[in-house]
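From first to last, the protein sequence lines stand for chains A and B.
The letter at position 219 of the first sequence is residue 218 when you use numbering that gives the first Met the number 0, and the numbering goes up by one with no holes.
The letter at position 74 of the second sequence is residue 73 when you use numbering that gives the first Met the number 0, and the numbering goes up by one with no holes.
Rather than coming from a laboratory, the hints here were simulated on the basis of the structure.
Values in this document were obtained by computation on a predicted structure and should not be read as measured data.
Quick reminder that beta carbons are idealized off the backbone N, C-alpha and C, glycines included.
One should not assume that every hint holds.
Selected chain A positions facing chain B (in silico; Cβ < 8 Å) [unchecked claim]:
1) Ala34
2) Gly35
3) Met56
4) Met95
5) Ala102
6) Val107
7) Lys175
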Amino acid sequence: MSAEALLEVRDLSVEFASRHGALKAVRSTSFTMRAGETLAVLGESGSGKSVTAMSIMGLLDPVRSRTSGSITFEGTELVGLSRARRRRFPGRNIAMIFQDALAALNPVQTVGSQISEVLRVHQGASHGAAKAQAIEYMDRVRIPAAAQRYSSYPHQLSGGMRQRVMIAIALALQPKLLIADEPTTALDVTVQAQIMQLLTELRRETGMALLFITHDLGVSAEVADRIAVMYAGRIVETGTAAEVYLHSRHPYTRGLLDSIPRAAQKGQRLTPIVGSPPPLTAIPRGCSFHPRCPRAAEVCTTDRPELREISAAHCSACHFAEELADARG
Amino acid sequence: MADPQLAALEIAEPAAGRQASLLRDARAQLARRPSFWLSGGFILVMIVVAIVPQAFASWFGHGDPRSCNLSDSLLSSRSGHPFGFDKQGCDIYANVIYGARDSISIGILVTALSMFIAVVLGCLSGYYMGWLDTVVSRVADVFFGFPFILGALVLLTSLRSHSVWTVSLALALFSWPTLTRLMRASILSAKQMDYVLSARSLGASDWRLIRKHLLPNAIAPVIVISALTVGGVIAAESTLTFLGVGLQEPAISWGLQLANAQSDFQSHPHLLIYPGLFLSATVLSFIVLGDALQDVLDPRRNER
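Excised from the complex, chain B in its bound form (with noise of 0.2 Å):
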């Protein structure tokens, strides 16, 4: 019964054929952003990187980070070893290289630890409120009151084994918190949207109205934060390693690498550049595609 011509009108605005998603919108608004091709470039090398070190390492013809021979100590760069020796006589450039895996996984398992607790405890507490909130908001509000640094130090100085695991627990166990309550805020700002009241009442359970309408539309920020959140962890697990209750030796990593480098750094340089140059650079990384993802996933931006 639909007039014809009234319908022909209505067919040709959203032009016909070209079916976008949001996230297909998102992705192509992405495309165009050069500080995400940057930053999303260079995490991706890291991560790649990270999983086979060996493969970056021998570049230069001398991959081993273990091979050091006491006679080369302190040397600055020469052929095959392009950033020269740390104390040990150990080649600077493979120690970097090894150094990804360490500080990469702590980054992303924390983050991902944390993620999985915010969504589960921010999705829980700010739908049913009540007692359950309560508890969840206090516990997260007793974590937040510690310096998210001093805690995790305090813990780990009382614990006797650090390795990647335990550091990471003990960074998950004060980076929660944010996430979790920024998840329970974005809940209860999308619980009083009206597609929420109108898939109740259409007699959706808790959990279809959690999982299909709620947590699709109240992610976005804990993804944007979350990006943020690994290059924050980074740089944590380097200043504990540095200060000396992070990971501990044998292991490889940026912020061993900086620690060795304090005694020497004045008379040679080089020690302290190179991993502080991963290190930064790769915590910048983070921060940028974070704030990339935000411009393109937070709905109250201006442009567009």
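For reference, chain A alone in the conformation it holds in the complex (with noise of 0.2 Å):
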């Protein structure tokens, strides 16, 4: 383990138990990050992105679930401790801020009171030291007229409010991780820009290490220091945003940049992937992707492809990584 490293990932896996047998969310997963670092997780829905991050935050129900692997945070391992350690261990160190902001504030309590609740357990903070420091975290997360805000439900704010209301609650702790799952999804094209641009500069002011779960491939390329893919559970190509975009080393990587449209090709039919990502109770053998690669070959149907570094910091998880090197020109 490098002595740098704020959070470590290896061979992480998540099992969910279901009608149709065990359903494979996370296949042996690996990453890591360092302080300070934002990591996009990208991929489509069902890939693993929101499971690895609930597996990281100890959110997911033992009962139904089976994790194995590792999780260390600054050399702590994160996976088997008891219920108790476990259930402190986010708050100061890792926070997370979920992508439906009104879903995710309680509807009966105010949104200040919410923001010192967290500072009066963790912190001890009385009921006025608390409520100007949430106050000042609202300003900080650039809520106008914080102070009337204060005591507003969060039916009464906009959509964007209740995300800023959400980092601010996030950031109390004064995290050196924070978790952001599909933070923008619910919210106008305008108002994403905002919080992304939020989001930036917060992390620049505090240096926490932001791990941004999305399937918004423009986004990704504006935040991110790094990206990692995911398939169907697994990581299957990492590598610097400029890395990943314009060198991809995956097939499927380029099958999603290929479905944008482009203002370039205006009028041209778009090139989508074809065929829809496995179902997570029956996964291909192989290479998980191989149904609908346009470049199968006989051994991506037996071999499963493990992740290995291509060049300097970017990995790929394909027979034919290589040979993608510079396809595109």
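Mind docking these for me? Both chains are given alone in their own frames, and the hints should help you get the complex.
This is the structure we're talking about:
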């Protein structure tokens, strides 16, 4: 384990019991994050990106799911920690913001008291001090007229304001890692941009690391230092944003990039990825992408390609990664 | 760094200054409903009557329900005695007024007891699941299997004392499962919400999660059904008393008055009508109140 790693995920697998047998949401996934880094995890619905985040936060139901592998945060092993210690571990270390801020805020509590509650419980702040501090945080996430908004209920705020409140709650504990699970998916495009800008600024101010989960290729290109692409519960490609976007070494990532409409290609048909993702109870043998892959060969149906380094800081899990090198020109 | 124009736009939206709370919201909606005013007002009056019956009983000059004169037996309404006399020659008006106390006490006592059990057991079993939930749910099923009245009837028959307390306990024993199931189901659905996950991700303890996040969001349907339960319990108490296993003489209750009216109501209908009227109006009021609360507290209501 490298000394500077903030979060190290090794061979993480998460299975859920379902009627159709074990549902493999995450299959031996490994990645590391350094302090202050922004990693975007990119993937379609059901590719395991949210489950990965939930397992890092320890929010998965231990009765219905089975987590194996290892998650270490600053050297502390989180998998297999006792329930009570696991509960206390996030907060100061890791915080998470959710996709739908309206659902993620308690509807019967004012937004201000939801922020100050965190401060009171974790820092033992008095009611007055916690309130002052909460308003400060609301200011910091650019909520206008924060003092008045303190006693608003979540349903009285707009989507963007709610997401800002969520961010304020997450920031209140000054975490070293912030996990954002599709924080802008439920928002208008203009508000999306504001929230993304806010997250980037806050990350710069506080120096926290950001694990950004999204299915939006554009957003991740803007904010991420590194990108990890997930498919059917595995990371298929990682690398710096520029490497992954400009010199993709995996047919799936290429398929994703080709399916984005571009102004330059107006009037032409889009090239979608054929087929749909496999059900997680019946993931194909070999490379799980082979039924949809334009380059699939015999070896892809039998051998599972492991994630391997292609060039410095660029890994791909494709048998033909080298050949894909500069196909794009 | 916020764009001032943008800030001005966003501040305008929640009608600055007027901070409505959920509770105030509900109250404002209730205020617009005549059914709420009528039922709530009647219940309030009946509760005051139950607390100080003497203040109301003496309105017509003859306030003592126990001063009876056999020579007045079965006489119908006359000056000073608007509801007439029963078979023992007691003033029916005074009896009806004094009868409110036991009926309403039992209604509220039973409901409060069931609600307490429901909140405690429902929260614990809905939150922790596992063996605790299995035990609570199966025990509730057992009591749920008995018809409400029949169960209480069998139990009371075997008891020697038939006071307000024993009748209440017998009724509570068979009314807690409904509320407990509801509370549990409500907690189960609240548990799925992101804000619970979010609070847990911030390190909230089980107790804090239940108290601050689950209970306030899950209690509404239980409050509604509790209001309905009060009406049901009052009717059940009268039924049991009418059948001779509920409250017994010398207690004064609407059920007893109805039981005494049995043999003579065909020739003297006033024996049945007045206690029956008060009983029905009280039960109906609680049911209407429950309905009004349901409309206001149920987030899935379509109007608004």
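Can we keep the A/Ala102 interface hint, with Cβ of chain B closer than 8 Å?
holds (4 Å)
Quick check on A/Val107 please, does its C-beta sit within 8 Å of some C-beta on chain B?
Because about 5 Å separates A/Val107 from the closest Cβ in chain B, which is inside the 8 Å limit, the hint holds.
Is the shortest C-beta separation between A/Gly35 and chain B less than 8 Å?
violated (21 Å)
Holds or violated: the hint that A/Met95 contacts chain B, with Cβ atoms closer than 8 Å.
At about 5 Å, which falls below the 8 Å cut-off, the nearest Cβ of chain B leaves the hint on A/Met95 intact, so it holds.
A closest beta-carbon separation below 8 Å is what the hint needs, so does A/Met56 meet it against chain B?
It holds, given that the least Cβ distance between A/Met56 and chain B is near 5 Å, below 8 Å.
Checking hints one by one. Is A/Lys175 an interface residue toward chain B, by the C-beta closer than 8 Å rule?
Violated. Min distance 15 Å.
Given A/Ala34 as an interface hint, is the shortest Cβ-Cβ distance to chain B below 8 Å?
violated (20 Å)
Comparing the model with each numbered hint stated earlier shows that hints 1, 2 and 7 do not hold.
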